[in-house]
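Peer 1: Chain by chain, the residues run as shown.
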Amino acid sequence: MPEPHRPSSFLSLAVIAAVVGAIAAAFAYTAGWFSPQRLTPDKLVAAFAPPTGPALGHRRNHAKGICFTGTFEANGAGTELSKALAFASGQYPVVGRFNLGTADPDAADATVRVRGLGLQITTPDGQVWRSAMIDPPFFPVSTPQAFYQLLLASGSKDPDAMKKFAAANPEFAKFGDWAGSAPWTGSYAEEPYNSLNSFVFIDKSGAERVVRWSLKPAAQPVTVSQDELKKRGPNFLEEDITQRVAVAPQRWTMVVQVAGPGDPTADPSKAWPADRRSVEVGTLTVAKIEPERDGPCRDLNFDPTILPAGIRTSDDPFPAARSSAYAKSYDLRTAEYKDYPHTEPGAAP
Amino acid sequence: MTRPEIRPEQRFKPIQRLLHWLMAICILAMLFIGVGMVSTIAPKYLTLVQIHKPLGIAILVLALIRLAVRARYGAPALPLDLPEPMKLAAELSHYALYGLMIAMPLIGWGMMSAAAYPVVLYPGWDLPPILPQSDRLHALLWDAHYYLAFAFFALILLHIAAALFHALVRRDGVFEAMAPIPSPTDALTSVQRPTPRMLRTHDR
Numbered sequence: 014m015p016e017p018h019r020p021s022s023f024l025s026l027a028v029i030a031a032v033v034g035a036i037a038a039a040f041a042y043t044a045g046w047f048s049p050q051r052l053t054p055d056k057l058v059a060a061f062a063p064p065t066g067p068a069l070g071h072r073r074n075h076a077k078g079i080c081f082t083g084t085f086e087a088n089g090a091g092t093e094l095s096k097a098l099a100f101a102s103g104q105y106p107v108v109g110r111f112n113l114g115t116a117d118p119d120a121a122d123a124t125v126r127v128r129g130l131g132l133q134i135t136t137p138d139g140q141v142w143r144s145a146m147i148d149p150p151f152f153p154v155s156t157p158q159a160f161y162q163l164l165l166a167s168g169s170k171d172p173d174a175m176k177k178f179a180a181a182n183p184e185f186a187k188f189g190d191w192a193g194s195a196p197w198t199g200s201y202a203e204e205p206y207n208s209l210n211s212f213v214f215i216d217k218s219g220a221e222r223v224v225r226w227s228l229k230p231a232a233q234p235v236t237v238s239q240d241e242l243k244k245r246g247p248n249f250l251e252e253d254i255t256q257r258v259a260v261a262p263q264r265w266t267m268v269v270q271v272a273g274p275g276d277p278t279a280d281p282s283k284a285w286p287a288d289r290r291s292v293e294v295g296t297l298t299v300a301k302i303e304p305e306r307d308g309p310c311r312d313l314n315f316d317p318t319i320l321p322a323g324i325r326t327s328d329d330p331f332p333a334a335r336s337s338a339y340a341k342s343y344d345l346r347t348a349e350y351k352d353y354p355h356t357e358p359g360a361a362p
Numbered sequence: 012m013t014r015p016e017i018r019p020e021q022r023f024k025p026i027q028r029l030l031h032w033l034m035a036i037c038i039l040a041m042l043f044i045g046v047g048m049v050s051t052i053a054p055k056y057l058t059l060v061q062i063h064k065p066l067g068i069a070i071l072v073l074a075l076i077r078l079a080v081r082a083r084y085g086a087p088a089l090p091l092d093l094p095e096p097m098k099l100a101a102e103l104s105h106y107a108l109y110g111l112m113i114a115m116p117l118i119g120w121g122m123m124s125a126a127a128y129p130v131v132l133y134p135g136w137d138l139p140p141i142l143p144q145s146d147r148l149h150a151l152l153w154d155a156h157y158y159l160a161f162a163f164f165a166l167i168l169l170h171i172a173a174a175l176f177h178a179l180v181r182r183d184g185v186f187e188a189m190a191p192i193p194s195p196t197d198a199l200t201s202v203q204r205p206t207p208r209m210l211r212t213h214d215r
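Protein chains in written order, with this note's numbering: chain A, 14 to 362; chain B, 12 to 215.
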């Protein structure tokens, strides 16, 4: 009986090597090992670090902050837009963090232009809504890639780097104008905080609307020059908010703006026209301030893609990029646990 | 894992083969999604994360079912002439594969819990945390999840290489025992190389 055709062992081994090699190569490609140009969260997060290196154990951006707790009291008007329980009339506990847009946890308050607020609203159905907002009325750039280029340019030794960046990203000029001319205030309580990114609200019928939201302060903003603020000491914002809240709770109204047809939902550098439908959905009340060390906000990642059912991400590319980078920042700082000053120096043991 | 020397079947039960190939697809997809998602800030990051979590829990559930099915039906004996080191490697690697199938989803779930992230399987469907928030635990579990994923992938490559070695070089029926469908060469192989290790072939 003739031997049936049989590949040689050598050929068989070559086939095995080829199959295993091809799967391994596909894996390496997926991991980005053949794509040095890919913008990874590692690169984006590393770009925030000053030349002296990142502040170990701290958030890689918005590194300076102070915790608060309080409530979000929904007035029920938001239920027209989203089925999330956070919009049904009622009071829901919040944890949050006032912060400064800097990679330096010890930055002097008067040196940082952008102020922010991280917020977590928890509803009795167990759903969690996290958000991280800032006080400029629009974002400096249109895309995460441009934001990365901005970080590289601002950290560059090339004196023309920022000029080149501004030329390549014309939307940045508007932010420059804001940073140069918008009034400064002496308090976190007097700032508005804006989502800037758009999200999709889903109502009970399943209808979807693209929205942005803002927290409008109840406190009347009082303009103070930056030079004046510099005289107030490096932590005047934290001292101010601690004193104000000790005297009386501080409040913000949450306003949801609904995009009109053709509004740029994917570009946070472009504000929508002021006449778009706006709905006041409730009030944030900040009732207690605690230092970040050992405070309730310290261990929270205010990832803006942590959303309850009834809210989802839109075509805005930033929330995904932020989620990816925030997770990286969280992974780094938790691994640097020992470097974070967990207890006040000099505190009783 | 003691195997009886003589078993009535040479192939795994259809339910075992179904679970094996279903999980093969899920686990390979999971590993590719994992390395892909941690290397990008593009919008697909969120899509990949949204698949990674429920798929991980699905793999955990399937692995537990598979373990129960394995306990019920066992496995065909390895060929008697398989060299001892290969037998040992086969046994140890299968313990490791089962261990990782169950450990990786639990480590992932624990890691999310230790970071105080809600574990959302589908909007409105959250899993409860299985650990309290803890920087140290999160860092430990993150490292474990990361490095074990690469170990898992390496083990799967080894598993594929060994399966193909059985199929193409040794032609000893081990590959056919788990092949999704009986291959036409099965009969040929047993005709061509009748040996005592080729057990009854009534199911071919």
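No lab work stands behind these hints: they were computed from the structure.
It should be emphasised that the depicted structure is a prediction, and the values quoted were computed from it without experimental measurement.
Please note: incorrect hints may appear among the correct ones.
[To be verified] Below are the EDC-like pairs computed for lysine to aspartate or glutamate, each with C-alpha atoms no more than 20 angstroms apart in a straight line:
| id | chain 1 | residue 1 | chain 2 | residue 2 |
| --- | --- | --- | --- | --- |
| 1 | A | LYS351 | B | ASP154 |
| 2 | A | LYS96 | B | ASP137 |
| 3 | B | LYS55 | A | ASP328 |
| 4 | B | LYS55 | A | ASP280 |
| 5 | B | LYS55 | A | ASP55 |
| 6 | A | LYS217 | A | GLU93 |
| 7 | A | LYS96 | A | GLU86 |
| 8 | A | LYS341 | B | ASP92 |
[As the list claims (entries may be wrong)] Chain B is nowhere near these chain A residues, computed Cβ spacing over 10 angstroms in every case:
| id | residue |
| --- | --- |
| 9 | ARG51 |
| 10 | TRP197 |
| 11 | ALA300 |
Beta carbons: idealized from backbone N, C-alpha and C, even for Gly.
Peer 1: Checking against the hints above, which ones are violated?
Peer 2: Numbers 8, 9, in rising order.
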